[in-house]
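Protein chains: 2
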Amino acid sequence: MPENFSLSNQFKIVIFFKIYKDYMFSANTYLNRRSALAADLANNGIILLTGNTELPMNYKGNTFRFRQDSNFLYFTGIDLPLLYVTIDTGTGETTLFGDNISVEDAVWTGTLPKLEEWAARSGISKVKPLKSLPAEIGNGKKIHYLPPYPANRKIFLSELFNRPIAKIENEYSTDLIRALVKQRSIKTNEEIVQIEETMNNVTSVYHIEAMKMALPGEYEYKIAGHIEGTMLKHNCTPAFNIICSVHGEILHNNNYSNQLIKNQLLLIDSGAENNMHYATDITRTTPVGGKFNQQQKEIYELVLAANQQSIASIKPGTTYKDIHLQAARILAEGLLHLNLMKGNADDIVAQGAHALFFPHGLGHMMGLDVHDMEDLGENFVGYDETISRSTVFGTAYLRMGRALREGFVLTVEPGLYFIPVLIEKWKSENKFSQYINYKNVEKYINFGGIRIEDNVCVTQNGCKLLGRAIPKTVKEIESLF
Amino acid sequence: MPENFSLSNQFKIVIFFKIYKDYMFSANTYLNRRSALAADLANNGIILLTGNTELPMNYKGNTFRFRQDSNFLYFTGIDLPLLYVTIDTGTGETTLFGDNISVEDAVWTGTLPKLEEWAARSGISKVKPLKSLPAEIGNGKKIHYLPPYPANRKIFLSELFNRPIAKIENEYSTDLIRALVKQRSIKTNEEIVQIEETMNNVTSVYHIEAMKMALPGEYEYKIAGHIEGTMLKHNCTPAFNIICSVHGEILHNNNYSNQLIKNQLLLIDSGAENNMHYATDITRTTPVGGKFNQQQKEIYELVLAANQQSIASIKPGTTYKDIHLQAARILAEGLLHLNLMKGNADDIVAQGAHALFFPHGLGHMMGLDVHDMEDLGENFVGYDETISRSTVFGTAYLRMGRALREGFVLTVEPGLYFIPVLIEKWKSENKFSQYINYKNVEKYINFGGIRIEDNVCVTQNGCKLLGRAIPKTVKEIESLF
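Which chain is which? The protein sequence lines are A and B, in order.
So for the first sequence, my numbering puts the first residue at 40; every next one is plus one.
So for the second sequence, my numbering puts the first residue at 40; every next one is plus one.
Hints are supplied without guarantee of correctness; some may be wrong.
No copy labels: a pair is met if it fits in one copy or bridges any two.
[Unchecked claim] Capping the alpha-carbon separation at 20 Å, the derived lysine to aspartate or glutamate pairs in DMTMM-like fashion look like this: (1) K181 <-> E468; (2) K165 <-> E132; (3) K272 <-> E248; (4) K330 <-> E257; (5) K193 <-> E208; (6) K514 <-> D385; (7) K261 <-> E248; (8) K221 <-> E257; (9) K181 <-> E198; (10) K514 <-> E340; (11) K180 <-> E132.
Since the hints were made in silico from the structure, they are not lab data.
With the hints as extra help, turn the sequences into a complete structure.
In structure tokens, the structure reads:
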């Protein structure tokens, strides 16, 4: 890796030769999105959208792969670091703030399209140098900005507004958040196309290949490496750190050091984002060696039923909380049938006893982010004035609770897990002992976990599975081997 | 990707199931390193080493792959986020500050080894909760800390010391930097083993495979994807963003969208870091289709000669600046012979006219960072009181100039490039027209660039190539096809 100008690190970016017109929607798309946003704020000041920068890995010049801010992408489509946009909510006028690179920098980065060209592709007519941003911000009008998640953006805004970081973190605009969630929640056809293409060309391909790799003696990291390598070979990147583990009961497990043993279950939860940054998010659970044993099959069929019946129930007007609770009841009834629980499924779910086995939510919105718009605050995205977050363990972790609308894109991901540390804790507290057969549960202590996740789009009368179907019945999975 | 506790994001880390004893040196190694460091600071206060945290990609919970701070790794070996270490330079006592996870968090992360276990592996006897760090820092003693590169560390230190960020950025300890550079510059045998293993098992493997992929019609991103996928399949990660481009003349090009065309040159500059985080950094340049044309062969042989003669000249006591200048002279003489330059090679190099074609330095130190210790400041690492950085364009970008010592690990990476934007600029300014045959140079305007990079360790009498040889002569490369 050769020497470089220290001053040009900021431009050592990933997209110089991108045929960038292919990686953006039409200018009208962005123009319309910004107009709707400005109209929603009803002539009340200036909207400031902040692009991302490259972040250092182990020193300033060695950066992680650049990832643009999703809100900036949604309203401009411009996939470059160190850019800022203001939108005047009165006139609707948008200005792009940033600096073109010098000839000296071009030695290191190649000749780049000028910011004026990017702006034109995005329907933005005004481009100003970065140094004129403070004057624009300081004109006395109200400034709407979003909650900053990267630390360097907190420092940037703190300097721009001359306010302490602690204040900056809290003075974001909830009006802007609401207007933004309103738009981004409804996916247009051109957005759906992006997700489906990635699903068909990439996600379904590596998921099937990875399932076939679930053989005794294989290592998790080889399978995870195959998945990520396949994404990259298709010009995609991981939408989140891949979960590929024989310990599926550890819900956020990004370690891959285990060697696969016959009779284990391999849980793979993985999604790609394409060069437009639309995400996919699919989970499959495969028995190592390709054959479910009786215990695995019984639990698997419960999760599959919850997955399928949830998908069948999705339609505009229904709340996702109700579908989540329905899935919880399906799982609870199955666990009653297997003598792992006792009592009545309705009571179990109302009390949250099922959450020992299903401690997470049924799903979340998906789009430019795998957990779409999570930077804006989960309650703004998944809840509204008519439905608020539960306080019951398990159900409380449902990100998406509100009534569904046509154009929502959702994950549907029920699961059943046997989490030793949680079972141990609850048992020691005698928690829900009226509902849980701890003696029988302990026979499953090394079971692991099963999750089955698909992505759907809410349609006029129901929902549509995004992308081609990936094997998910016991029969379909076993016949891969 | 399922729901999670928002409060536990900080523990959604990558190493839960790592058989961590395999990923650390012995406790004595870390004990000895810390003792030497404390002794160097000569009973003058407290050293504070700050570990890294996970950094958000597009929202707080969706993080980049965790990368520990290299200084923290060097002195503790502990590859976990949110940890801090103090070393008392008087007593030599080390304290690890951090918090163990709760049972609630373990639901999401699995049971982790306790910090006390990690500390023991690292030879640290004292572990304290994070909340007691401010008291330790506020005891009136001088605190030595390193220049902070992640923005969240700037905020952390600003709050810890109750000093503005602008002050925090400048009040780091140059004594600590010097003591640290002194130790980290000399690689021990156990460090060399790490680099050589990665070179033999991973880097040489994917480089040869990638060279063979240089066929007309192939896409850069497929080759880059194959490289990164291969690293991951070997439990390694990229030490830096892969350069894989038919535009090798763009020195820092991390874009991969071009389709390969016969007669182009594919430049691949790529290194893996293993699970101990030791880096490799190798460049090869391959003709698309496997056969160099005459023009390519002539330039290639010049770069190869510079690479080979530089390696032959490396020995303790020689300055790397002298070897850089020797490489520049070899290249200049070759360009004179090809009628691309005119005049005298010594004058050309003294004036810096060769830098039109070789605008970067011959190489840099390599270790836990691909540009080793770059976070500490290049001048502290590559220069000393006897040799300072040149101000001549090209030579000024040499990171490593000082006298070599046994145990230094270096990259040797001469190159020749035809950079249209730079040629155009210099020509329009009539720059160095006494040395440069612009008319002939323009015949090479679409040539691209060639770099040949190896990694060596300085030995008692010379140097040793690290890892097995990767094809680099014209004949060796052509016979891959």
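Quick one: K514 to E340, C-alpha cut-off 20 Å, is that within a copy, between copies, both, or neither? within (11 Å within a copy, 60 Å between copies)
Within a copy, between copies, both or neither: where do K180 and E132 come within 20 Å Cα-Cα? The answer is within: 14 Å in one copy meets 20 Å, while 55 Å across copies does not.
State whether the alpha carbon distance between K165 and E132 is at most 20 Å within one copy, between copies, both, or neither. within (8 Å within a copy, 59 Å between copies)
When no copy is named, should K272 and E248 be tagged within, between, both, or neither for a Cα gap of at most 20 Å? This pair counts as both: shortest intra-copy Cα distance 14 Å, inter-copy 14 Å.
At most 20 Å between alpha carbons: which applies to K221 and E257, within, between, both or neither? The answer is neither: 46 Å in one copy and 43 Å across copies each exceed 20 Å.
Between the shortest in-copy and the shortest cross-copy C-alpha distance, which are at most 20 Å for K181 and E468: within, between, both, or neither? Neither, since 53 Å and 48 Å both go past 20 Å.
Given a CA cutoff of 20 Å, do K330 and E257 count as a within-copy pair, a between-copy pair, both, or neither? within (16 Å within a copy, 38 Å between copies)
My question is about K181 and E198: at a cut-off of 20 Å on alpha-carbon distance, are they close within one copy, between copies, both, or neither? within (17 Å within a copy, 29 Å between copies)
Under a CA distance limit of 20 Å, which applies to K514 and D385: within one copy, between copies, both, or neither? neither (31 Å within a copy, 75 Å between copies)
Within, between, both or neither, where K193 and E208 count as close if Cα-Cα is 20 Å or less: both (7 Å within a copy, 16 Å between copies)
How do K261 and E248 come out at 20 Å by Cα distance, when the copy is not named: within, between, both, or neither? Cα proximity of K261 and E248: in one copy and across copies (12 Å, 17 Å).
The earlier numbered hints that this structure contradicts are 1, 6, 8.
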